[in-house]
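Participant: Next come the chains, spelled out residue by residue.
2 protein chains.
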Amino acid sequence: MIIKNLMKKSIVSVVLVLNSFFLFAQTNEEKMIKEIYKSSLTNSKCYSWLDHLSNQIGSRLSGSASAEKAVQYTRAQMETLGFDRVYLQEVMVPKWMRGEKETAYILDNKSKTNVPICALGGSIATSKSGLIAEVIEVQSLEELAALGTDKIKGKIVFYNRPMDNEQIESFHAYSGAVDQRYDGAKEASKFGAVGTIVRSMNLRLDDFPHTGAQSYGDIPKSQYIPTAAISTNGAELLSKKLKSNSKLKFYFKQSCEQFDDVLSHNVVGEIKGTEHPDKIMVVGGHLDSWDLADGSHDDGAGVVQSMEVVNIFKNLGYKPKNTIRVVLFMNEENGLRGGKKYEELSLANNENHIFALESDSGGFSPRGFSLECDDAQFDKIASFTKVFEPYLIHSFVKGHSGSDIGPLTSKNIVKAGLKPDSQRYFDYHHAANDKFDAVDKRELELGAATMASLMYLIDQNGIDTKQ
Amino acid sequence: MIIKNLMKKSIVSVVLVLNSFFLFAQTNEEKMIKEIYKSSLTNSKCYSWLDHLSNQIGSRLSGSASAEKAVQYTRAQMETLGFDRVYLQEVMVPKWMRGEKETAYILDNKSKTNVPICALGGSIATSKSGLIAEVIEVQSLEELAALGTDKIKGKIVFYNRPMDNEQIESFHAYSGAVDQRYDGAKEASKFGAVGTIVRSMNLRLDDFPHTGAQSYGDIPKSQYIPTAAISTNGAELLSKKLKSNSKLKFYFKQSCEQFDDVLSHNVVGEIKGTEHPDKIMVVGGHLDSWDLADGSHDDGAGVVQSMEVVNIFKNLGYKPKNTIRVVLFMNEENGLRGGKKYEELSLANNENHIFALESDSGGFSPRGFSLECDDAQFDKIASFTKVFEPYLIHSFVKGHSGSDIGPLTSKNIVKAGLKPDSQRYFDYHHAANDKFDAVDKRELELGAATMASLMYLIDQNGIDTKQ
Numbered sequence: 010m011i012i013k014n015l016m017k018k019s020i021v022s023v024v025l026v027l028n029s030f031f032l033f034a035q036t037n038e039e040k041m042i043k044e045i046y047k048s049s050l051t052n053s054k055c056y057s058w059l060d061h062l063s064n065q066i067g068s069r070l071s072g073s074a075s076a077e078k079a080v081q082y083t084r085a086q087m088e089t090l091g092f093d094r095v096y097l098q099e100v101m102v103p104k105w106m107r108g109e110k111e112t113a114y115i116l117d118n119k120s121k122t123n124v125p126i127c128a129l130g131g132s133i134a135t136s137k138s139g140l141i142a143e144v145i146e147v148q149s150l151e152e153l154a155a156l157g158t159d160k161i162k163g164k165i166v167f168y169n170r171p172m173d174n175e176q177i178e179s180f181h182a183y184s185g186a187v188d189q190r191y192d193g194a195k196e197a198s199k200f201g202a203v204g205t206i207v208r209s210m211n212l213r214l215d216d217f218p219h220t221g222a223q224s225y226g227d228i229p230k231s232q233y234i235p236t237a238a239i240s241t242n243g244a245e246l247l248s249k250k251l252k253s254n255s256k257l258k259f260y261f262k263q264s265c266e267q268f269d270d271v272l273s274h275n276v277v278g279e280i281k282g283t284e285h286p287d288k289i290m291v292v293g294g295h296l297d298s299w300d301l302a303d304g305s306h307d308d309g310a311g312v313v314q315s316m317e318v319v320n321i322f323k324n325l326g327y328k329p330k331n332t333i334r335v336v337l338f339m340n341e342e343n344g345l346r347g348g349k350k351y352e353e354l355s356l357a358n359n360e361n362h363i364f365a366l367e368s369d370s371g372g373f374s375p376r377g378f379s380l381e382c383d384d385a386q387f388d389k390i391a392s393f394t395k396v397f398e399p400y401l402i403h404s405f406v407k408g409h410s411g412s413d414i415g416p417l418t419s420k421n422i423v424k425a426g427l428k429p430d431s432q433r434y435f436d437y438h439h440a441a442n443d444k445f446d447a448v449d450k451r452e453l454e455l456g457a458a459t460m461a462s463l464m465y466l467i468d469q470n471g472i473d474t475k476q
Numbered sequence: 010m011i012i013k014n015l016m017k018k019s020i021v022s023v024v025l026v027l028n029s030f031f032l033f034a035q036t037n038e039e040k041m042i043k044e045i046y047k048s049s050l051t052n053s054k055c056y057s058w059l060d061h062l063s064n065q066i067g068s069r070l071s072g073s074a075s076a077e078k079a080v081q082y083t084r085a086q087m088e089t090l091g092f093d094r095v096y097l098q099e100v101m102v103p104k105w106m107r108g109e110k111e112t113a114y115i116l117d118n119k120s121k122t123n124v125p126i127c128a129l130g131g132s133i134a135t136s137k138s139g140l141i142a143e144v145i146e147v148q149s150l151e152e153l154a155a156l157g158t159d160k161i162k163g164k165i166v167f168y169n170r171p172m173d174n175e176q177i178e179s180f181h182a183y184s185g186a187v188d189q190r191y192d193g194a195k196e197a198s199k200f201g202a203v204g205t206i207v208r209s210m211n212l213r214l215d216d217f218p219h220t221g222a223q224s225y226g227d228i229p230k231s232q233y234i235p236t237a238a239i240s241t242n243g244a245e246l247l248s249k250k251l252k253s254n255s256k257l258k259f260y261f262k263q264s265c266e267q268f269d270d271v272l273s274h275n276v277v278g279e280i281k282g283t284e285h286p287d288k289i290m291v292v293g294g295h296l297d298s299w300d301l302a303d304g305s306h307d308d309g310a311g312v313v314q315s316m317e318v319v320n321i322f323k324n325l326g327y328k329p330k331n332t333i334r335v336v337l338f339m340n341e342e343n344g345l346r347g348g349k350k351y352e353e354l355s356l357a358n359n360e361n362h363i364f365a366l367e368s369d370s371g372g373f374s375p376r377g378f379s380l381e382c383d384d385a386q387f388d389k390i391a392s393f394t395k396v397f398e399p400y401l402i403h404s405f406v407k408g409h410s411g412s413d414i415g416p417l418t419s420k421n422i423v424k425a426g427l428k429p430d431s432q433r434y435f436d437y438h439h440a441a442n443d444k445f446d447a448v449d450k451r452e453l454e455l456g457a458a459t460m461a462s463l464m465y466l467i468d469q470n471g472i473d474t475k476q
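Those sequence lines, one after another, are chains A and B. Using this note's numbering, the letters of the first sequence map in sequence onto residues 10 to 476. Using this note's numbering, the letters of the second sequence map in sequence onto residues 10 to 476.
Take the hints with a grain of salt, since some may be wrong.
[Stated by the list, open to error] DEER-style ranges, computed between Cβ atoms:
#1 B:Lys160 to A:Thr283: 39 to 45 angstroms
#2 A:Tyr233 to B:Asn470: 27 to 33 angstroms
#3 A:Asp188 to B:Thr51: 20 to 26 angstroms
#4 A:Ala155 to B:Ala74: 30 to 36 angstroms
#5 B:Lys281 to A:Glu175: 30 to 36 angstroms
#6 B:Lys160 to A:Asp446: 28 to 34 angstroms
#7 B:Ala391 to A:Asn37: 43 to 49 angstroms
#8 B:Leu116 to A:Asn37: 51 to 57 angstroms
#9 B:Thr36 to A:Lys407: 21 to 27 angstroms
#10 B:Gln469 to A:Lys407: 39 to 45 angstroms
#11 B:Ala391 to A:Thr283: 40 to 46 angstroms
#12 B:Lys160 to A:Lys281: 51 to 57 angstroms
[Said to hold, decoys possible] In silico negatives: residues of chain A with every beta carbon more than 12 angstroms from chain B:
#13 Val144
#14 Gly201
#15 Gly377
#16 Pro399
#17 Ala458
[What the hints assert, rightly or not] Within a straight-line C-alpha distance of at most 35 angstroms, the following computed DSBU-like cross-link-like pairs (lysine-lysine) qualify:
#18 A:Lys407 to B:Lys420
#19 B:Lys249 to A:Lys195
#20 A:Lys195 to A:Lys281
Since the hints were derived computationally from the structure, they do not count as laboratory data. Idealized CB from N, CA, C, for every residue including glycine.
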């Protein structure tokens with residue numbers, strides 16, 4: 010009896026000790042996360058950094074002078090944040106320039122109607138006098154192929170499949186439509202088209218044309234054809250007019266040009282880990298943007314949120330156990346050269362990345378994370394759900410993390426993307442209205458706090474489930 | 010053995026039948042909810058209704074001609090939606106008018122700085138030449154009381170406690186600050202103040218003054234003093250100037266006036282339930298708005314979402330088991346007369362309301378519901394979580410549902426408020442920028458679908474856990 014009671018007592022004690030340890034750990038983590046959100050909502054720099062990036066520097070297309078200004082500005086700001094080291098990584102990037110503002114009109118019998126277009130990134134120019142031709146509307150690359158050379162030759166192909174409004178997540182609607190923009194010119198050229206016009210990747214009807222990357226793939230340069238995006242309202246109008254006059258003509262003129270690659274930079278800030286300096290956790294976004302606006306959502310927001318993660322840690326005196334790197338990647342939009350260069354240097358240095366987090370889905374209210382990892386790692390991260398609940402972070406799903414961290418290949422690395430509310434993202438994406446005033450200060454700050462919280466939880470708890 | 014086996018078989022069969030019944034039910038509900046979201050995102054009328062309400066009718070303060078236009082417009086639209094009956098409920102409402110645009114300036118020695126203000130709803134006017142006096146800044150009603158008559162008499166009291174940015178939900182920050190607006194004039198008058206200026210209920214710094222209800226309570230009319238809101242930037246400036254010159258003066262002029270009550274209306278549309286016509290489920294928002302803007306978020310969004318619930322049911326051919334009423338309440342903003350009248354008539358008719366849902370927190374991305382009910386009812390609604398997850402509806406919490414449904418007293422009634430993302434709500438609330446272009450079409454439609462889904466699930470599954 011005595012022994013049994015003693016054993017019972019011991020077990021009770023162990024349970025109590027374990028329980029209080031657990032409670033203690035929980036409480037400390039909960040406290041820290043509360044402090045993280047408080048710091049971000051009351052004492053952050055991210056909004057004023059974004060103000061500067063957007064309103065003082067402006068659009069930051071790879072190879073532009075303003076992209077380099079952004080490199081110097083963020084480097085200088087990072088140097089105030091108590092990193093052990095802030096440095097640049099040299100990377101050659103493509104340089105494409107839009108040139109003069111594009112013009113376009115529909116010529117229906119003798120009536121001209123101007124419509125808003127913009128050249129797609131990487132497109133060639135039209136001739137100086139512009140390009141005019143009959144139009145053939147298609148809903149897909151498959152429909153294009155089915156029509157074949159007979160129907161396509163000499164014409165402008167008009168891709169008009171809308172993003173699917175039934176999708177709940179706007180990124181799914183984007184994935185389902187963007188092949189028209191990326192591959193449209195290359196495929197149409199194979200059937201003798203003289204140009205392509207693509208309905209903007211936008212879920213709403215408005216007058217903004219949305220640019221974005223396109224690729225001629227490996228077709229010969231002589232077969233490159235000019236390609237542009239048309240606003241959704243413009244696309245609706247063109248389609249309507251084609252229904253009553255299939256012989257109408259479309260005119261457009263653009264003077265964009267591809268130049269030789271130029272030298273640019275990733276910006277990196279590093280804090281050495283106190284316990285595992287060889288284990289690296291990356292948090293980042295991309296410095297470059299398209300040229301039509303400030304790129305405040307894409308991806309000014311991700312840049313300043315990543316910097317804010319370290320600003321929060323500094324304000325709270327938190328010393329990470331693992332090495333933390335803020336990486337501001339160059340050239341996500343039209344080449345991914347920054348992401349590839351970062352991985353190339355990481356491999357050369359035999360580095361071990363355990364975690365990478367990217368914010369490149371806009372500065373909207375954070376909802377959760379999209380994770381690339383195995384099931385055990387997913388379960389570990391999903392176990393943080395309760396801690397995140399008071400901050401309305403509910404959505405932990407497997408899926409695409411971020412383009413810039415895509416090239417990372419460390420064994421067992423977990424990659425995560427911040428998942429903000431996606432409904433308004435494609436109202437602004439790659440268009441002239443992606444400006445500072447489209448970003449809400451609190452939504453931006455909540456995103457930064459959510460990123461800092463996950464970085465903190467993984468720094469504290471580890472993520473390598475195979476140890 | 011045989012009997013045993015037979016029994017075993019029977020049990021297996023029962024389990025199989027129950028399982029397939031459960032699966033069948035689940036699958037049908039899931040299918041229906043998918044159709045609800047699809048209908049709202051691809052075939053809804055709510056955005057064009059809101060366009061009309063905001064851009065053709067405009068602001069709808071109780072007692073105004075435009076409020077009555079909104080009554081007639083929504084009644085006419087509801088008559089196209091296949092209700093069994095659409096009717097008006099007469100209700101007497103207060104009529105307060107702003108009059109001329111207010112003016113205000115800080116007089117610091119001889120330098121005048123204009124600042125944006127607006128009279129608070131229900132305030133009296135200043136004299137025709139305006140009011141000028143020294144200012145005393147306080148952070149709370151408690152600080153006011155501690156200062157007392159000696160310090161307050163003859164002065165303008167300036168309430169400047171900001172909404173608390175640490176709060177994750179902006180409504181919590183609002184609750185923590187709004188006593189200054191609602192009770193500020195009444196309390197300051199008791200200590201001999203000649204007027205009050207209240208920092209706008211706004212989490213960000215900008216130039217919009219935000220109006221809203223205030224009350225003189227039961228102090229004698231002779232002691233009423235004029236009260237106005239100042240923009241957050243204006244409040245910061247006034248506070249800064251007071252620090253260097255506590256003797257500066259503040260001038261403001263407003264010509265608002267309270268008139269006799271006038272006749273107005275709630276708009277009601279009713280579909281008789283096929284199985285339980287005596288059990289009533291209400292869905293609604295409020296038709297009136299403040300006068301400074303279109304009131305697109307507050308509460309045009311809630312009005313058109315409530316109507317859309319029935320439009321969705323009509324499009325999908327869904328016949329509710331319980332009686333469904335869309336109620337567009339009048340006078341939520343400065344009297345709640347519509348909500349009280351609805352309940353008064355409901356009591357007179359001995360009606361039984363089992364459920365009421367209000368949308369009055371803006372047309373932003375829906376996040377969940379705030380519920381007033383007992384634990385068993387809460388558990389029943391929380392059991393729908395899985396069905397809502399694909400639509401990113403995660404947040405089911407106990408809390409305030411809606412003001413207009415507040416007066417309802419049916420036994421065992423469950424009250425719910427749609428909970429949209431709250432971060433941007435107070436950027437617009439009661440201010441001149443609460444306009445149509447501040448509402449995103451998809452966010453509005455997702456809100457309507459979320460409301461329709463909960464109405465459907467409760468209609469199907471019931472909610473009275475005490476039967």
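Participant: Next step is simple, just say for each hint if it's right about the structure.
Facilitator: Structure-based check of each hint:
B:Lys160 and A:Thr283 have their C-beta atoms about 53 angstroms apart, which leaves the hinted 39 to 45 angstroms range violated. Here the CB-CB span from A:Tyr233 to B:Asn470 is close to 60 angstroms, at odds with the stated 27 to 33 angstroms. For A:Asp188 paired with B:Thr51, a C-beta distance near 22 angstroms keeps the hint of 20 to 26 angstroms intact. Taking 30 to 36 angstroms as the suggested C-beta distance range, the pair A:Ala155 and B:Ala74 does not conform, at roughly 58 angstroms.
Distance hint check: the CB atoms of B:Lys281 and A:Glu175 are about 32 angstroms apart, consistent with the given range 30 to 36 angstroms. The hinted window of 28 to 34 angstroms between B:Lys160 and A:Asp446 is violated, with their beta carbons roughly 41 angstroms apart. Between B:Ala391 and A:Asn37 the beta carbon distance is about 29 angstroms. The supplied range of 43 to 49 angstroms is therefore violated. With their beta carbons about 53 angstroms apart, B:Leu116 and A:Asn37 fall inside the hinted range of 51 to 57 angstroms.
Remark: the range hint 21 to 27 angstroms for B:Thr36 to A:Lys407 is upheld by a beta-carbon distance near 24 angstroms. Evaluation of the 39 to 45 angstroms hint for B:Gln469 and A:Lys407 yields a failure: the beta carbon distance comes to about 31 angstroms. Evaluation of the 40 to 46 angstroms hint for B:Ala391 and A:Thr283 yields a pass: the beta carbon distance comes to about 42 angstroms. Range check, B:Lys160 to A:Lys281: Cβ separation about 56 angstroms, and the 51 to 57 angstroms hint holds.
Annotated as non-interface, A:Val144 keeps its C-beta farther than 12 angstroms from every C-beta of chain B; the closest such distance is 26 angstroms. Every Cβ of chain B is farther than 12 angstroms from the Cβ of A:Gly201; the closest lies at roughly 36 angstroms, confirming the non-interface assignment. Residue-level check failed: A:Gly377 sits 9 angstroms from the nearest beta carbon of chain B, not beyond 12 angstroms. Here A:Pro399 does not stay apart from chain B, with its beta-carbon only about 7 angstroms from theirs, under the 12 angstroms limit.
Residue placement check: A:Ala458 does not keep its beta carbon more than 12 angstroms from all beta carbons of chain B (closest about 9 angstroms). Under the criterion of a C-alpha separation no larger than 35 angstroms, the hint pairing A:Lys407 with B:Lys420 is inconsistent with the structure, at around 44 angstroms. Restraint check for B:Lys249 and A:Lys195: not satisfied, since their Cα atoms lie roughly 61 angstroms apart, outside the 35 angstroms limit. Distance restraint check for A:Lys195 and A:Lys281: the Cα-Cα separation of roughly 46 angstroms exceeds the 35 angstroms cut-off, and the hinted pair is therefore not satisfied.
Figure legend: structure checked against the earlier numbered hints; hints not met, in rising order: 1, 2, 4, 6, 7, 10, 15, 16, 17, 18, 19 and 20.
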